[in-house]
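Undergrad: For reference, the chains in residue letters:
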Amino acid sequence: MMPMLNILIADDEAPARSRLRDLLTDIGDLHIAGEAKNGKEAILLADQLQPDIILLDIRMPEMNGIEAAQHLQKLTKAPAVIFTTAFDNYAIQAFDMNAVDYLLKPIRQERLQTALQKARALLPQQLSGLQSLSPQRTHLNITERGRILLVPITDIIYLRAELKYVTVRTAEREYLIEESLTHLEQEFGNIFMRLHRNCLAANAYIIGFEKRSQDEDGEKQWVALLKHVPETITVSRRQQHLIRMA
Amino acid sequence: MKNTGRLPNVRNLGIALRMLIIANAALILIAYTLSINFADFLQRVAAISTFAQPMLLASLLTLYGVYPLLIKLNYRQGIISVFALIMFCNAAIYNLFSKIWIFDDLPTLSRVLFCSFAICALTLYYFNLRQRAYSPAVAEARLQALQARIRPHFLFNSINAVLSLIRSQPKQAEAALEDMADLFRVLMADNRELVPLAQEIALCRQYLALEKLRLNERLNIQWQIDNMPPDAMIPPLILQPLLENAVYHGIEPLADGGTINIQIYSKLNEIHLVLTNPYRTQNNHQHGNKMALNNIKERLTLHFDLEASLKSKQEKGIYEVHINLPQQKQKS
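Residue numbers (this note's numbering), protein chains in the order written: chain A, 1 to 246; chain B, 1 to 332.
Please note that a few of the clues may not be correct.
Partial selection, computed: residues in chain B whose CB lies under 8 Å from chain A [claimed, not checked]:
(1) Leu124
(2) Asn160
(3) Leu163
(4) Ala209
(5) Leu213
(6) Leu215
(7) His249
(8) Glu252
(9) Pro253
(10) Ala255
Pairwise CB distance ranges, derived in the manner of DEER restraints [what the hints assert, rightly or not]:
(11) Val229/A with Glu320/B: 41 to 49 Å
(12) Val229/A with Ala255/B: 56 to 64 Å
(13) Asp26/A with Tyr265/B: 33 to 41 Å
(14) Glu307/B with Lys211/A: 37 to 45 Å
(15) Ala204/A with Gln222/B: 29 to 37 Å
(16) His31/A with Gln222/B: 40 to 48 Å
(17) Tyr67/B with Ser132/A: 34 to 42 Å
(18) Thr25/A with Ile159/B: 57 to 65 Å
Hints listed in this document are in silico derivations from the structure and should not be mistaken for laboratory results. Since this is a predicted model, take the numbers as computed values, not measurements. Glycine included, every Cβ here is placed at the ideal spot set by N, Cα and C.
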């Protein structure tokens, strides 16, 4: 006998979740693993419950479905994703172009059944095809000891490139991620400022600039002072024009 | 009411002001053409003004007085009456002036009448052109565009919500479908006539009941409408699209929801509608919002010209729309 399908529902509206629950119960022979109210919850629950399939609403607070799907793909056991939406022209165009499964609300039972049968995990090229729908992530995902951590972009004070990794600094602690600083700069150019070849600092956390002598020969250099953290960031000579603009 | 709107409404402050500006601009132009230097120009402006301003004001006042009669005529009769009234007014005032005129350079009656005829024609032509720019066909197209604008997102999500209720709470599902029927009846109606404020509020409450079904405790509404004149007449669908925007851009992106505050009061014969909602600066999908605001602005202009206004601002995470429009009672 086939193992029962394990399904996770993610939708911010209670009636939409209860409707899906009704439909799934009618279909039978499957198990509803859990329900999430936003994209962030969906990822944390998926990490915990390891569903086979996730029914993912697109328009949700905290984190939308498209971004959630991108993070979900990084899980060790990535669930198959079926998007659900009431109406979203852009998204539907992108889904059709990239052959991504989606269901239009109100959802019919037969459509849901077919979708469940052919559901499979999203391929990387499908995800990159959807990237234009959610050009900027709201969270970075960090894998630590087999767990997924989601760090809101707005909590990040600076990003520093170190050898193979990038250090992500928040007020509480540091994390390591495997992404390139250049790529991060492209995606979040409006939030971070490149102060040095190896460092991006969040505009919102820069309190001011100060000239300090740091090296032995007493040459003075500009450094940026940051909110919540004691360390400062040296501003490279090339980037000093930014200080005048700030 | 064949010419509703084609003859300028002299009882509208904005329009009356524009008439004065056009006439005065013409007078200044005449003075400038006749003058030989600047001092002469000023003198001529003053000389013309002494008799032209009273004529202008008397004409406007007369038109103001007979306006209710004028709009009962068709456009051609209306235009002829306007010319006749103005000629008569100006001739009467000319007569008065010629008796008490201290200077001896009063222009001849025929010249004065010709000038006032020209200025009157110019003004009527301007308003006729302007009226065509806002012609009913254009207005209707815009109204239709507005009707199509109700978010499909809202329609399908609401149907979905009702479907989820049918098995467990059939009574609530019934009420929701009734609200939907009423809402769509208004949205699909011919929305050119003004409606009482109370009617728009009732519609908004039905709309919000539907949204509440989906969003439940995430959506909080605060009405401050104790000082509202319920019988004041406003264009339909002024408030509902604003609420829809507030829900879509303000409440839905918040996981814990928020409060929409609606304040309506009348002050100095004007009605003020103030709507505020929380706003996340992060999401930059403002396109739909701009469209709805422009649409409402245009309809306010169509109905009230310069007497109505719509302003919006965002400050400290709060988005505010403030509309004011003249208070009009229902015509008996």
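Undergrad: Go through the numbered hints given earlier and state which of them the structure violates, listing their numbers in rising order.
TA: When the structure is compared with the hints, numbers 1, 4, 7, 11, 12, 13, 14, 17, 18 turn out to be violated.
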